[in-house]
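Protein chains in written order, with the working numbering: chain D, 10 to 148; chain X, 10 to 148; chain H, 10 to 148; chain P, 10 to 148.
The set of hints was computed from the structure by calculation and includes no laboratory data. Honestly, I wouldn't trust all of these hints.
No copy labels: a pair is met if it fits in one copy or bridges any two.
[Claimed, not checked] SDA-like cross-link-like pairs, simulated, lysine to any residue; straight-line CA separation at most 25 Å:
{"hint": "1", "residue 1": "Lys15", "residue 2": "Gln56"}
{"hint": "2", "residue 1": "Lys15", "residue 2": "His82"}
{"hint": "3", "residue 1": "Lys15", "residue 2": "Lys128"}
{"hint": "4", "residue 1": "Lys128", "residue 2": "Val103"}
{"hint": "5", "residue 1": "Lys128", "residue 2": "Thr110"}
{"hint": "6", "residue 1": "Lys15", "residue 2": "Asn69"}
{"hint": "7", "residue 1": "Lys136", "residue 2": "Gly108"}
Just so you know, these numbers come straight off a predicted model, no measurement behind them.
Number of protein chains: 4
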Amino acid sequence: MAYQHKIRVAWGDCDPANIVYTARIPWFALDAINGWWEEKFGGGWYQMEMDHGFGSPFVNMNLDFRAPITPRHRLICEVAPTRLGRTSIDWRVVGRQDGVTCFEGRFTCVFTDARSFTKAPPPDEVKALIEAHLEPSAE
Amino acid sequence: MAYQHKIRVAWGDCDPANIVYTARIPWFALDAINGWWEEKFGGGWYQMEMDHGFGSPFVNMNLDFRAPITPRHRLICEVAPTRLGRTSIDWRVVGRQDGVTCFEGRFTCVFTDARSFTKAPPPDEVKALIEAHLEPSAE
Amino acid sequence: MAYQHKIRVAWGDCDPANIVYTARIPWFALDAINGWWEEKFGGGWYQMEMDHGFGSPFVNMNLDFRAPITPRHRLICEVAPTRLGRTSIDWRVVGRQDGVTCFEGRFTCVFTDARSFTKAPPPDEVKALIEAHLEPSAE
Amino acid sequence: MAYQHKIRVAWGDCDPANIVYTARIPWFALDAINGWWEEKFGGGWYQMEMDHGFGSPFVNMNLDFRAPITPRHRLICEVAPTRLGRTSIDWRVVGRQDGVTCFEGRFTCVFTDARSFTKAPPPDEVKALIEAHLEPSAE
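Isolated chain D, as found in the complex (with noise of 0.2 Å):
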């Protein structure tokens, strides 16, 4: 079962529509993306970056906004890689607020050296990790 990040959704998240600005919701799913890595690798991207020496920089997202998120439920998102490149893989985010779909994301990230910031295959025990989690396509 793909990997669940739970956010707690808060007043300051909150537009005067009473619900959470479209601008928060890319930001939710990247921490639901980090959250992954903490949660399958053992550390996000701070610990990538700072003592694994890569790192994987968004080329893409492309989102789509469902139905609006508010403070009332926690916002539950749902993320697996879907796709894995020599130097890129691809993400899926869906966040889902009491049972609805409130959001579907689409995410491209390529795999850099953390030092030259150039892309680069990542480790192989990361590679194989994301192949242990990688998400069968409907398509």
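Using the hints provided, position chains X, H and P relative to the given structure of chain D.
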């Protein structure tokens, strides 16, 4: 010529990779679209909702990240509406620093009645305003 | 024992000095106070304003920053009300990581009627709730 | 005359009370102090750390919130250093909208060596720059 929205990138927008954190970039892009409304309509989303009774929530955002953003230059965001439907609108936002394209984004919003939060065509003068600034698509 | 609010610090909270950006820290502290309300009152500021007709805006915040915050540990924020006036309340928030005190904050809020945004004593059951959790001052 | 930092307040800065969310205000104040450095020193904290080898992390912030902030006016933040110690500096930031004082903040930073993150007096030319702009205290 398309509206140019100038953003002062700061230390606090950057992450430990010494560049702007990815999740700040859609925030900048939305600030730029809001700036378009301020400049052309005479008020941003706040005035739109509070004083004019309509809103324009997002249903999709799609961003390509082309080059890192840093505090070394102002970030100039070019904003233009690229399609106007009966109850929807597409936007293009391109962010540049020192002549380099840092990101390109495409956004789709719907127009809503602010009170009922249901889809509704925008007021006629808004329709006319958008049409006057609509960017001829290259496609 | 005072309420403990757990925050998952992430890459995007950090600045190029590799530690949490200062301006994120009051945000964390407010999230923690909002968490106190969720835990003890059954709803945060959102429910307070939307469902219960009162608010508690801030009139002062005073924070001492004692040690850097990083994503290497959860940030545990201890929250307690320290004074209850007729229309005001003081809060204490202490943030710790791995046993080290990272920040200490003192906050003063006023109670307001949510509709008129004017000062007003809180509902009696809120007064009772606060009194039950009031932390005896050491001073 | 003290440096005036202009902030364009937007929809996304506001919460469901239709005013700027409290935790955004210290962020604005820090942006204003960073703006002072940009204007007077020729670079903000980014350039200070990256190019000049020193930093100035915060050890205390104390803010009084006097009036709500909204997107209806630009927020003008007046910034001035008010005390220079051997390895520390105090700042005053006052935020006004349409002539009304919205917040007043006092901030204490220490100067550090950027590499070792230990306290160190600022470079002589920085000391001279601060002294030239030091605001005579009314007290």
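Hint by hint, here is what the structure shows:
1. Lys15 to Gln56: Both. Shortest intra-copy (21 Å) and inter-copy (20 Å) distances satisfy the 25 Å Cα cut-off.
2. Lys15 to His82: Answer is both; intra-copy 10 Å and inter-copy 17 Å each pass.
3. Lys15 to Lys128: neither (31 Å within a copy, 30 Å between copies)
4. Lys128 to Val103: between (27 Å within a copy, 24 Å between copies)
5. Lys128 to Thr110: between (34 Å within a copy, 19 Å between copies)
6. Lys15 to Asn69: Both: 23 Å inside a copy, 23 Å across copies.
7. Lys136 to Gly108: neither (32 Å within a copy, 35 Å between copies)
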